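**Q** Residue numbers (this note's numbering), protein chains in the order written: chain S, 2 to 296; chain U, 45 to 612.
Just so you know, not all the hints are guaranteed correct.
Cut-off 20 Å, straight-line C-alpha distance, at most; resulting in silico cross-link-like pairs (EDC-like, lysine to aspartate or glutamate) [what the hints assert, rightly or not]:
1) U:414 / U:279
2) U:147 / S:175
3) U:156 / S:226
4) U:156 / U:400
5) U:156 / S:224
6) U:147 / S:226
7) U:204 / U:456
8) S:140 / U:398
9) S:59 / U:398
10) U:206 / U:252
11) U:556 / U:520
12) U:292 / U:378
13) U:525 / U:252
14) S:59 / U:400
15) U:147 / S:224
16) S:59 / U:399
17) S:239 / U:273
18) S:197 / S:180
19) U:343 / U:583
20) S:239 / U:400
21) S:239 / U:173
22) S:239 / U:283
23) S:107 / S:175
One side only, chain U facing chain S, incomplete, derived with CB under 7 Å [said to hold, decoys possible]:
24) 140
25) 143
26) 144
27) 170
28) 172
29) 173
30) 176
31) 183
32) 270
33) 274
34) 328
35) 329
36) 371
Over 12 Å on every C-beta distance to chain S, these chain U residues come out as not near it, computed from the model [stated by the list, open to error]:
37) 129
38) 135
39) 137
40) 138
None of these hints come from the bench; they were simulated from the model.
If you're wondering where the values come from, they're calculated on a predicted model, not measured in any experiment.
Even for Gly, the Cβ is constructed at its ideal location relative to N, Cα and C.
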Amino acid sequence: MQNKKKITPYRVFSVFNVIFMLLLILVTAYPVYYIVIASFSDPGALSRHVGLLWMPMKPYTLSAYEMVFRNPRIITGLLNTLFVLGTGLLINLTLTMLGAFFLTIKGPMLKNAIALMIIFTMYFSGGMIPGYLNIRDLKLLDTLWALVLPGAVSTANLIIMKSGFQSIPDSLIESARLDGGSYLQILLRVMIPLSKATIAVMVLYYGVGHWNAWFNASIYLRDSDKFPLQLVVRNILKLAGSSAMASGAGMDEMAQMAELIKYALIVVTTTPILVLYPFLQKYFVKGVMVGAIKG
Amino acid sequence: MKKLYQWKKVTACIMAAAVTLSVCACGNQNGDKDDAGKTTSQENPEASKETPAEETSSEAEKSEESQAESEAGGAAEVTYPLKEKVHLTLAMVDEAAVTANAKNLAETPFGKAWQEATGVELEIMQLADGDALNLLYASGELPDMIAYSGYTGGAEKAIKDKIIQPLNDYMQYAPDLQAVLDSNDLYKKSSTTKDGDIIGFPFIRGDDYLLSSAGLIIRQDWLDDLNLELPQTPDDLYEVLKAFKEEKGAKVPFSVGNWWLKSIALEHGLLTSPFGLVKGNFYQVDGKVHYGYAEEAYKDVLAFLNKLYAEGLLDPNFQTVDDNTIRANIMNGETGVTVGNTGGYMGNMLQTMEEDPTFNLNGFGPLVAKAGDVPMSTHYDNALPGKYIIVTPSCSNKEAAVQFLNYGYTKEGSLLFNYGIEGESYTIVDGEPTYTDLIMHNPDGLTKQLALAQYTRAWQDGPFVQEKGYQLQYADLPSQKSALSNWTRSDAAKYNMPPVTVAEEDASEYSKLMGDIGTYVSEMTIQYITGLEPLDTFESKYLETLKSMNVERAIEMRQEALDDFNAR
């Protein structure tokens, strides 16, 4: 029996390390926790409360959620976002994989020149107004396609995907060629099955991007029935903020509910993506590190 | 051994959770930043109004203006509904209060009534925000009408860039707007450019009662307990604060956020009158422009605030304290006096404390030197806040568009825009239009604002004259009404700068000058209040530095703009 443990520098370090990390977790997790419990609190009690909050303020209420879901725009917004997410992801993944595959295989003419042109777009963009005029002339204004097609390939993601493909030994591609496989077959049967981790990362990056996107929608859309969720949320928050702050005098429960609605909206809009993360986590580290230098 | 393993497992789980959360947090960063930017811009409506780009400038060409008048003079009355069936498109920035319950403005009960009354088929082009509107301007493909609230380079530039169609040649189709503009010199000058072009159909706040919405707020129940009157002079306020501290146990009797202190209390002169200063910002005395922060009298204002600060009556955290904390402090009995507005402050707190019959608030007017004096300034907004519905040069049927927009200024139109539909959203009680329970206690649980957004435009803006009756019924708590009537009693109209801005060619020099000066003034104000900088240096350091920063040039530019405006 070894009851007595020696105090070694490593142990001391571990103890402090764990304490430090736990504090770090507390600091990171508390705001999230606060938002969740605040969204169930009584708005009056909440606005009287000063300092940290560990339990929802009584009487508990779901009224903020009621107000959020009574807004029909939330539902249409969710449907629009899901459409953009679904279609967008499909287009993103297809194009990114095709592009990365092209940049990986040996042989194509002008490959380096094309690669250079692609990387160029990472640093320089046309700007907002030319972008807008382009979308207008393509007759994409006020359609959901304006949210899907521009930026169908993100250069940064393309490079990650390419690094993922490059980590597959050339000999595999060569042997597949020898067996008579076409490039499409190589992509579908060799490259993709071997890069599942990277693809998961792509899904995550593109997916979160689509979920959080509001800016393109705010400049390209003209019809509130087409607004995606985040834009609707942004407008509601703006409304709540203005009635609490601005010149509009008046006694309005909106002003008092504003904070609560804010919290409820954050919960409603981040929960789906928060739930998704742990499932993709195991691929995440593996996939995103593919491009990095390994020691 | 097994225990240790389990412990490790638990730690690992927590770590994983932390990583997840931090990754999510990163994902949201952009959104947060945007929110932050938005808040500042919202909290600072005055600041954005001061930028020259958004306002109109002066120098009138009388000949053109009078020509327009004579043309309009012979105008016949417009008969509604219009004879021909017209389809018009109006571009406007999305208002969540409207779209919370309808597809867009045209499909609200208000929009339908407007269309029915005028016989115009209205289509709304919904823009998500100001950026989208700027892009629309840039694209050059304009709808028939636009809800306009400013343009880089001002209205003159917008006319030059073919965004605004000046109404001068079309005023005979807008006899009711013409009558409103003729009724008040300020209305007419404000909605005309320096070249004499009429910009569009303005939103007009038709009563002084609608111009103030913020001021000094006090715990009325404490005053009653202590048998004190509403403070009027600085000495009154000092005594009241002292009593609150000693007898009511208020830790920070006077708490006010930095923004409210500077942008409302000082800039609008809530505390400056007794010291012979109108207000901190620009003001005019008999046509001569002054910049309050560069006046010697400002020293006495700072000395007063410094005294409150030194004796612990003014919140020592005034630079950092936020609205929520101040409200909580007032409700918890830590604070008795603040600066705030009728809605977010008074309404919010009164409703929260509804169950506590002893809690009561009131508003008191800007301080004065002698009890009974009328303060020189108060929180005072311009009657024309710079919001117009404009007709574009590419409008398919300008005559019809002008007649359509003129409706808001007619008698029937004014009722519709202010009160909605008779029998539904309002009824006439004792000769006054009165909101029904559909608005005041909506059966579907809509708030007053959301209900008003479906039936009226009084809650926001539009091409009409806003009536006092709206505010009286919207802010209907006795304390709110009392506060508003206390806040609106002032000579502000005499000293207020009309909506003018410096000439286009001076604009960049002006904004650079004022940017630096504004920053310096804010910094020094805080230092003098907190006593970091002794007040003895006020003349030798503060005023001298302002002079060397060329504050006189800035005043001169404002003076030119004002002269131009007065000459319109």
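**Q** Would you mind marking each hint as holding or not holding in the structure?
**A** Results of checking the hints against the structure:
no. : hint          : in the structure
1   : U:414 / U:279 : holds, 10 Å
2   : U:147 / S:175 : violated, 58 Å
3   : U:156 / S:226 : holds, 19 Å
4   : U:156 / U:400 : violated, 43 Å
5   : U:156 / S:224 : holds, 18 Å
6   : U:147 / S:226 : holds, 7 Å
7   : U:204 / U:456 : violated, 35 Å
8   : S:140 / U:398 : violated, 55 Å
9   : S:59 / U:398  : holds, 16 Å
10  : U:206 / U:252 : violated, 35 Å
11  : U:556 / U:520 : violated, 43 Å
12  : U:292 / U:378 : holds, 9 Å
13  : U:525 / U:252 : holds, 14 Å
14  : S:59 / U:400  : holds, 17 Å
15  : U:147 / S:224 : holds, 8 Å
16  : S:59 / U:399  : holds, 15 Å
17  : S:239 / U:273 : violated, 39 Å
18  : S:197 / S:180 : violated, 23 Å
19  : U:343 / U:583 : holds, 9 Å
20  : S:239 / U:400 : violated, 31 Å
21  : S:239 / U:173 : holds, 11 Å
22  : S:239 / U:283 : violated, 40 Å
23  : S:107 / S:175 : holds, 10 Å
24  : 140           : holds, 4 Å
25  : 143           : holds, 5 Å
26  : 144           : holds, 5 Å
27  : 170           : holds, 5 Å
28  : 172           : holds, 3 Å
29  : 173           : holds, 5 Å
30  : 176           : holds, 5 Å
31  : 183           : holds, 6 Å
32  : 270           : violated, 23 Å
33  : 274           : violated, 19 Å
34  : 328           : violated, 23 Å
35  : 329           : violated, 26 Å
36  : 371           : holds, 6 Å
37  : 129           : holds, 23 Å
38  : 135           : violated, 8 Å
39  : 137           : violated, 10 Å
40  : 138           : violated, 6 Å
The structure fails hints 2, 4, 7, 8, 10, 11, 17, 18, 20, 22, 32, 33, 34, 35, 38, 39, 40 (numbered hints given earlier, in ascending order).
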